[in-house]
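So the sequence lines, in the order shown, correspond to chains A and B. 619 is the number of the first residue of the first sequence in my numbering; add one for each residue after it. 9 is the number of the first residue of the second sequence in my numbering; add one for each residue after it.
Derived by calculation from the structure, the hints in this document are not laboratory data. No residue lacks a Cβ here, since even glycine has one placed at the ideal position from N, Cα and C. A portion of the hints provided could be inaccurate.
[Unchecked claim] Output of the computed footprint for chain A on chain B, the stretches with three or more beta carbons under 8 angstroms from beta carbons of chain A:
1. 154–166
2. 220–231
[To be verified] Quick list of simulated restraints, FRET-style, between CB atoms:
3. A:T805 / B:I120: 38 to 46 angstroms
4. A:S639 / B:E164: 38 to 46 angstroms
5. B:L213 / A:T805: 45 to 53 angstroms
6. B:R158 / A:D693: 25 to 33 angstroms
7. B:F95 / A:T650: 30 to 38 angstroms
8. A:M804 / B:Y53: 56 to 64 angstroms
9. B:F186 / A:L735: 32 to 40 angstroms
10. A:L723 / B:E164: 45 to 53 angstroms
11. A:G655 / B:V113: 30 to 38 angstroms
12. A:P653 / B:W133: 36 to 44 angstroms
13. A:Q698 / B:R245: 45 to 53 angstroms
[Said to hold, decoys possible] Selected chain A positions facing chain B (in silico; Cβ < 10 angstroms):
14. V763
15. V769
16. L777
17. L780
18. L785
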Amino acid sequence: MLLYHIMKQDIVLAWRQGNISLVLAFLMIAVTLVPFGIGPELDLLRRLAPGLMWVILVLAVLLSLDRLFQSDVEDGHFDQLLLGSLSLEGLAMAKILAHFCAIILPLALALPIAGALLNIAPAALPILVMAVIAAGPALCALGAVGAALSVSVQRAGLLTALVVMPLFVPVLIFGASVTHQALADMTVNWWALAALLLVSVAAFLLSPLAIAAALRVLLR
Amino acid sequence: MQRQTLDWLHYFANPHRFLRFARAALLPSWAIAVAILIWGAWAVYKAPPDYQQGETVRIMFIHVPAAWLALFTYSFIAGASILALIFRHPLGHVAARAAAPIGAVFTLAALITGSLWGQPMWGTWWVWDARLTSVLVLFFIYLGYMAIWRAITAPEIAARTAAILAIVGVINIPIIKFSVDWWNTLHQPASISRFARPAIHPEILQPLLIMAAGFTALFFALLLTRIESEILRQRMRARLKREAGES
């Protein structure tokens, strides 16, 4: 029940503070920049679109990680939560799930529009959205590990990116192979999707341990 | 056996005792490293050129040991971090921190020599070959680990945070390796398979093993030097703090 309240509070905060619209705006502006960089030729865009989509998505998640735990630690909210019955691991899980709902789901829903701008075949869009949702827990969980590790550093954006990027490599590889095949012949690469889900489940179950350990260092 | 290992570790739990050991062992360890490396250089000089790759095959005698040491050093950092974090060994954090730049340089050396080797073999400085890519990711993991140490100013918090990152990294490295291999088989035709020889000729293997031993000895000599100076620096800082308090 407490977990549910923490999740709800985080999602409401993300909405009211404008984080959700900011991350969507980032997705759209990044997509808009692509044709300026590589030219407006639609065939070229269609070939590059899935890979670019994943890179932009990963960058959007990285930018959203800033202050995931920091504000709670600074204003004492964390100490309040810990006085209750909740463990740090449970808190980490709630944070990951809330981040998934507040960042990944809106991004996934906005992908069809971004995909249309990059000339992705409409039939492949549901597969792209599905792959992003499957990758979401891994991206949020691993990103949260990075955010927790750099929680005591002010303006940790680049540090978090450096720490998290290597951890994102498998997610990016499996996710991109799902969409590559989808765009080639409209079929799903089940092996890649299974690997993606496996990474997501493992990251979601294991990373709360690392997050809790990192936060405990600070609260000691 | 287990018992003995633990005793040995307990013995060095005291930094002063370790310092005494390090001072005694510093000169011999450097002597051993230099001797093996000179022997290795001689063996590399005597090794026959490859019938396909010619003289460029000699790059391998630096490239392969550097890549081995890059992985070995990361395992060392992870092991030291576990020792420090779980068993509270006071030297664990110091050893892990001291090893990181050494490992990063080995990783960079593997990348640069791989690139130099790739130029005549593949006709380009960089190929997104599975092994090169994995080593590049490993290099970024090293950079992230060292960046955490630098960015967090409180020493105790920095040490524990870096240790957690090292353990997270060691769990992830096999997953990254697997995914990169998988990605590579998707994208790369098997044009570079001439690279993989089924068996290494003894005349090539012997200098390779000597160089690997030399690099390992060099690692431990550098590590000992760095740990010694780190302990001395901590002592000096403590002393300055004490003196500032007295005056």
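The hints, checked one at a time:
no.: 1; hint: 154–166; verdict: holds (count 6)
no.: 2; hint: 220–231; verdict: violated (count 0)
no.: 3; hint: A:T805 / B:I120: 38 to 46 angstroms; verdict: 41 angstroms, holds
no.: 4; hint: A:S639 / B:E164: 38 to 46 angstroms; verdict: 40 angstroms, holds
no.: 5; hint: B:L213 / A:T805: 45 to 53 angstroms; verdict: 46 angstroms, holds
no.: 6; hint: B:R158 / A:D693: 25 to 33 angstroms; verdict: 27 angstroms, holds
no.: 7; hint: B:F95 / A:T650: 30 to 38 angstroms; verdict: 53 angstroms, violated
no.: 8; hint: A:M804 / B:Y53: 56 to 64 angstroms; verdict: 59 angstroms, holds
no.: 9; hint: B:F186 / A:L735: 32 to 40 angstroms; verdict: 34 angstroms, holds
no.: 10; hint: A:L723 / B:E164: 45 to 53 angstroms; verdict: 39 angstroms, violated
no.: 11; hint: A:G655 / B:V113: 30 to 38 angstroms; verdict: 35 angstroms, holds
no.: 12; hint: A:P653 / B:W133: 36 to 44 angstroms; verdict: 30 angstroms, violated
no.: 13; hint: A:Q698 / B:R245: 45 to 53 angstroms; verdict: 36 angstroms, violated
no.: 14; hint: V763; verdict: 6 angstroms, holds
no.: 15; hint: V769; verdict: 9 angstroms, holds
no.: 16; hint: L777; verdict: 5 angstroms, holds
no.: 17; hint: L780; verdict: 5 angstroms, holds
no.: 18; hint: L785; verdict: 6 angstroms, holds
Of the hints listed earlier, those the structure fails to meet are numbers 2, 7, 10, 12 and 13, in rising order.
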